[in-house]
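**Student:** Mind docking chain B on chain A? Use the hints.
Top to bottom, those sequences are chains A and B.
Residues in the first sequence are numbered consecutively from 1, following this note's numbering.
Residues in the second sequence are numbered consecutively from 1, following this note's numbering.
These are computed hints drawn from the structure, not numbers from a lab.
Fair warning: there could be bad hints in the mix.
Not everything, but these chain A residues come out facing chain B in the computed CB check (under 10 Å) [what the hints assert, rightly or not]:
| id | residue |
| --- | --- |
| 1 | 107 |
| 2 | 108 |
| 3 | 270 |
| 4 | 272 |
| 5 | 275 |
Cβ atoms here follow ideal geometry from the backbone N, Cα and C, with glycine treated the same way.
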Amino acid sequence: MSRTILQVEDLHTSFYTRAGEVKAVDGVSFHVDEKETFGLVGESACGKTVTGLSLLRLLPEPAGRIVGGKIILNGRNILELSKKEMRAVRGKEISMILQDPMTSLNPVYTVGNQIAESIKLHQGLRDEKVTDEVISALRLLKIPAPESRIRDYPFQMSGGMRQRVVGAIAMSCRPNLLIADEPTTALDATIQAQYIALFQDIQRTTNVGILFITHDFGVVAKMCHRVGVMYAGRIVETATTSKIFKDPRHPYTVALINSVPRLEEKNKRLFSIEGQPPSLLNLPPGCRFAARCDKVMDKCREQQPPEVDIGDGHLVSCWKVK
Amino acid sequence: MVSIIPNVKEKTRKQYTGVSRGTRIMKNLTLILPVMVLTLMVICAIFANLSWLGLPQYGLAPHDPNKTAPRDKFLPPAFIEGGKSDYLLGTDKLGRDILSRVIHGARVSLSVSLLAIFITAGVGTMLGIFSGYVGGRVDGFLMRIVDVALSFPGLLLAMLLAVAVGPGFWTVVFALSVLGWAFYARLVRGESLRIRQSDFVAQARVNGASPFRIMLRHIFPNVVNSLIVLMTLQVGMMILSEAALSYIGIGITAPQASWGSMVSDGRAELDRAWWISTFPGVAIGLVVMSGNFLGDWIRDKLDPRLRQV
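If we strip away everything but chain A, and leave its shape as in the complex, we get:
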């Protein structure tokens, strides 16, 4: 059994707006182990990114706030750390890869300089040693000729290269946990496949645990060991990737997987889920998916279903599942 790096327990994150409290993340629990990729899947605005930002405590202030729960990283609850202690955690123990490689590099610095920033911040090395570390980070991301690449500016690189540099920044201090917020969305299909293979490689050599946020089930199938399916601020089903695909239990998961286009079913109309997710400002008392669910019962509309373990860490929140 490998070590658990991150344990999130009953996390609640809200945004306080003029219209009221928006419960973006409402009681989310999951864990990420060493060498493991945990996928967080769901449609837009279901709270995936907010969950990721909560882990770094980088919610947009002052509206966003973590209102409850525990985030235990390497054995301590990071919600109890001071701002300064939190800065020491960011980049060193948790790192994040942002979505768009085109804009997440500072145009005025060479890529070597930018990778060096987080190394200098966290490791206090001498200059020659920093350069060595920068080059080894670039090597880890398989960037060719790193010795000369460190003097390049971002605009001199292609999108795929920049995304690798962003990865090198994230991995430069060998964090235990890497949050990847749809890192492949901005890349085209061939580069995407390369990038995923690259990260699987990096995971083997560095033991990093990855929290992979995505809406793409294809990427999930390739990349993740376990998956949590999110809907309207909650995780409705958690299981290993193969279980999620072979034996999905929650009606939302079933519907989601059915709405992925398939090559073999050529002439059928693509399945889509009727209706819209509920407003996070004004949540229904029962199951959040009740209004769109095809197996809905009266109980679903009245009471929130509890999370049930149906064996082997397969967790489902649905009244239908016993």
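**Tutor:** For chain B alone, kept in the frame of chain A given last:
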């Protein structure tokens, strides 16, 4: 036949570049001339005399700018009948050499404006970056102060200061700086607000950078372009304001020469000795225009989006 070929050449070049030869030459002149003028003025300011080397008797100025020579008063420039070749641009009512005074005036006028520009740019940039980065109420508060500073008549404040503190070099520097920072603060705050939202700032936060570090290392380098443009454009404005203050007598005090006070000195004598006011006036005009042309050029080179500044 012979004459057609060069015409065709010229025509195709115009088609390719969309710019005729005349326009190209003009474009280059608007860079070269200002740079030449400003370099000349800076050389004048530095080498007016070599007192900073302990050799006040040597330098570019042919005479001591403050030495009076009653016998040589109101001499016209050397190129006009009655002028002495000793006094190239003539003398004023005390027989002081206009050329030497213009050269020494460059030192005073340029150092006043450069000092004021660096002070205002420094203060304005710091406040602007901070205001834009922190945002919210702090930003609102600071920007209202900027509004007040921008709406206050600068000359009036300078006069109050001159009355309160007494005129002089540092009074002028202070009077020019006390409101001037607001321009920088406003410009930089806008940029800072934009850059704060960018992904590379988010990335820096993810890496564990402190707010101070983000402002210094990530936001500041990205506002430098706009800053340089504004600073260059302000050279002209500062020279003009200094001249205005000295002209109304609350700036640089006699006998020290500044361009503004020289124009003012010659005002009463304009009908019989036009050269006293004219030459320092020309110097002011040249520097202001050069500063503006150079500023425009830098702006176009660095950031075409800033055309409306």
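**Student:** It remains to establish, for every hint, whether it holds in the given structure.
**Tutor:** Hint check:
{"no.": "1", "hint": "107", "verdict": "holds, 7 Å"}
{"no.": "2", "hint": "108", "verdict": "holds, 4 Å"}
{"no.": "3", "hint": "270", "verdict": "violated, 32 Å"}
{"no.": "4", "hint": "272", "verdict": "violated, 31 Å"}
{"no.": "5", "hint": "275", "verdict": "violated, 33 Å"}
When held up to the earlier numbered hints, the structure conflicts with 3, 4, 5 and fits the remainder.
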